[in-house]
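Enquirer: Here are the chains, one letter per residue:
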Amino acid sequence: MIRLENIERTFQVGDEQVYALRQINLTVRVGEYLSIMGPSGSGKSTLLNILGLLDRPDKGVYHLDGRDATHLDDRPQAELRRHKIGFIFQFFHLIPRLTATENVELPLTLAGVAPAERKQRVMAALAELGLADRARHRPDQLSGGQRQRVAIARATIMRPALILADEPTGNLDRASGQEVIQTIEALNAQGMTIVMVTHDPELGGRTRRQVRMNDGRIAHDSGADDEK
Amino acid sequence: MTGALRTTAGPMMKSNDVVRFCFGSLAGYPLRTGLMLLAMSIGVAAVVLLTALGEGARRYVTQQFSSMGTHLLIVLPGRSETVGGPPPLLGQTPRDLTVEDAQALTRSSAVRRVAPIMVGSAPVAYGNRTREAVILGSTAQMYAVRDLTMAQGRFIPEGDIRRAEAVCVLGHKLKAELFGADAPLGRFVRIGQRRFRVIGVLTRKGQSLSVDISDVAIIPVASATALFNRSSLFRIMVQAQGREAIPRARQAILQILRERHEGEDDVTVITQDALLATFDRIFKALTLAVGGIAAISLGVAGILIMNVMLIAVSQRTGEIGLLKAVGAPGRQISRLFFSEAAMLSMVGAMLGLLIALAGQWVLVRLFPEFPISAPLWAPIAAVGVALGTGLLFSVLPARRAARMDPVMALSRR
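Read top to bottom, the protein sequences are chains A and B.
Going by the working numbering, the first residue of the first sequence is number 1, and it counts up by one from there.
Going by the working numbering, the first residue of the second sequence is number 1, and it counts up by one from there.
Think of the hints as simulated: they come from the structure by calculation, not from any bench.
All values reported here derive from a predicted model rather than from experimental measurement.
Note that beta-carbon positions come from the ideal geometry of N, C-alpha and C, so glycine has one too.
Mixed in with the good hints, there may be bad ones.
Stated by the list, open to error - Here are the in silico distance ranges between beta carbons for each label pair: (1) A:D140 x B:A342: 26 to 34 Å; (2) A:M123 x B:L357: 41 to 49 Å; (3) B:L392 x A:G144: 37 to 45 Å; (4) A:D140 x B:R403: 27 to 35 Å; (5) B:L392 x A:P96: 23 to 31 Å; (6) A:G112 x B:F367: 52 to 60 Å; (7) B:L357 x A:R138: 36 to 44 Å; (8) B:L310 x A:A132: 37 to 45 Å; (9) B:L310 x A:Q12: 19 to 27 Å; (10) B:I293 x A:D140: 41 to 49 Å; (11) A:K119 x B:L38: 33 to 41 Å.
Taking the hints into account, I'd like the entire structure generated from these sequences.
Expert: And the structure:
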């Protein structure tokens with residue numbers, strides 16, 4: 001599903017070149033459930049952004065789904081994000097003026113799906129996540145856990161193959177965090193590939209494969225020996 | 001993974017979804033939206049109202065000219081080309097126009113009527129009331145030439161032009177000031193040192209450009225010659241046989257007067273149509289200028305829209321980042337912001353037109369005799385400029401939104 005070869009990403013900070021990522025090699029197969037852990041500044045978020053095509057590596061090659069996604073133009077890149085990738089953010093990033101339904105509907109709307117079909121798919125997705133009675137509520141009328149589940153519904157409404165989660169429980173209390181993580185694991189059980197960034201060891205411990213990063217490098221990869 | 005990647009671009013976002021989305025974001029920031037609508041609508045209203053005023057002024061002047069009479073030619077002493085300096089309207093003259101000159105003009109077949117006009121000023125007294133008034137010396141012809149109407153009595157009678165009959169016709173206002181409610185007909189007023197019998201009163205016709213006709217006394221031209229002790233005319237008003245006869249009449253006048261003035265072209269002939277056309281041009285230019293100034297205010301509104309849209313873009317970075325993350329390409333995002341600006345300018349323009357209509361309605365009620373109406377092109381141009389500036393000035397914010405780095409946009413919470 002994912003193959004990263006010798007990915008490097010540097011940022012210019014003042015006069016200095018700071019390496020966010022160096023020599024990253026990583027392969028993720030379809031259906032994997034993987035966590036990326038490490039202290040802040042270790043480059044795990046940058047890695048996730050590159051995986052999500054929100055950022056471009058300075059060096060190296062990124063193969064997504066058997067295709068070189070390193071140097072795509074804006075349009076095909078957006079196309080890939082729309083159909084292949086779902087994002088779950090720490091701060092949910094729901095649009096405050098839109099209702100839960102409209103937030104979940106957004107990717108379908110942007111893709112030009114007909115309203116009747118949209119409605120049906122959104123209602124189904126919300127019902128699946130136990131949010132059917134919250135459909136008309138706006139984000140500020142929802143609890144944190146509900147918000148994150150709306151965000152998950154939005155991330156999965158296009159049936160992407162890959163879910164990228166950045167600290168999905170980082171902004172939630174324990175109980176709702178638990179709920180959210182169970183939701184994510186249910187998605188994995190349906191066959192979606194999950195890559196999750198977290199610095200919560202307990203959360204990381206639940207995943208089948210853990211990647212530990214430090215100083216822009218992969219320090220440890222529990223699934224490395226699985227690789228071909 | 002097996003399934004081949006979809007390379008074709010998916011279907012575009014549906015346009016009523018675009019409208020709904022933009023409407024939502026506009027309604028989400030009511031103060032900002034309201035301010036922009038206000039700026040836009042004031043700009044549009046200003047364009048429409050100011051051009052309506054300019055157009056009204058033009059029509060007003062045109063009306064005034066036609067109230068002078070029809071198929072008119074005005075003969076002035078002096079020749080604008082040769083005299084140089086101030087135009088002959090001021091009456092500086094190398095050779096006077098005389099009553100005989102005026103009489104000679106009737107020889108032309110193109111000329112229907114001729115009214116010599118002498119102008120002076122003298123105190124007019126009745127009883128113990130005295131008013132300083134403009135005294136016009138003329139003939140019976142003036143009645144038809146100037147298209148006058150009588151409120152009471154009759155105009156100066158036909159007859160020998162050299163007979164200095166002691167009769168006068170009073171303007172409406174002068175009559176009211178001298179006589180109040182008394183009946184003036186048959187009474188005697190004193191003009192200068194002479195006594196004149198009042199034989200008529202003019203109707204209230206209002207201004208007639210050069211002279212306020214309500215504030216004059218009209219006496220036979222021979223009487224005026226005697227009263228002011230001079231024979232030079234202020235001007236000769238000539239009525240042509242018809243509209244087509246005006247050029248012929250002009251030629252005839254110039255020729256006759258050249259013969260009478262020893263071969264010198266020392267008069268100026270103004271045709272009413274030429275004068276009217278000139279004023280028409282002036283006022284059209286004025287209307288355009290005023291409209292242009294108002295259009296600048298629309299431009300300012302456009303810049304305001306740009307400003308506020310830029311703020312909107314930075315306020316909504318999170319939203320933009322999210323749109324990118326869920327698969328909106330840059331072009332789609334700029335299209336969304338663009339549509340937002342377009343909707344804003346459109347609604348603003350419509351509001352502006354409504355304000356302009358209301359303003360016109362009020363003005364028409366306040367000044368009923370002033371013909372205010374916006375020319376048809378004004379609202380069209382105003383709405384066009386509003387949309388144009390709105391769109392033009394949203395290019396930059398929309399571009400900025402489209403080019404925003406999604407990582408940066410999403411990192412802010």
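Enquirer: The structure should be examined with respect to each hint, and the outcome stated for every one.
Expert: Now for the hints, and whether the structure bears them out:
Remark: the range hint 26 to 34 Å for A:D140 to B:A342 is upheld by a beta-carbon distance near 29 Å. Distance hint for A:M123 and B:L357: a CB-CB separation of about 46 Å, consistent with the stated range 41 to 49 Å. For B:L392 paired with A:G144, a C-beta distance near 43 Å keeps the hint of 37 to 45 Å intact. About 30 Å separates the C-beta atoms of A:D140 and B:R403, a value consistent with the hinted range of 27 to 35 Å.
Taken as a hint, the range 23 to 31 Å holds for the pair B:L392 and A:P96, whose Cβ atoms sit roughly 30 Å apart. At about 55 Å, the CB distance of A:G112 to B:F367 agrees with the hint of 52 to 60 Å. The hinted range of 36 to 44 Å is satisfied by B:L357 and A:R138, whose Cβ atoms lie roughly 38 Å apart. About 40 Å separates the C-beta atoms of B:L310 and A:A132, a value consistent with the hinted range of 37 to 45 Å.
Take B:L310 and A:Q12: their Cβ atoms lie about 25 Å apart, and the range 19 to 27 Å holds. Range check, B:I293 to A:D140: about 46 Å between beta-carbon atoms, so the 41 to 49 Å window is met. Here the CB-CB span from A:K119 to B:L38 is close to 37 Å, well matched to the stated 33 to 41 Å.
Violated hints are absent here; each numbered hint is respected by the structure.
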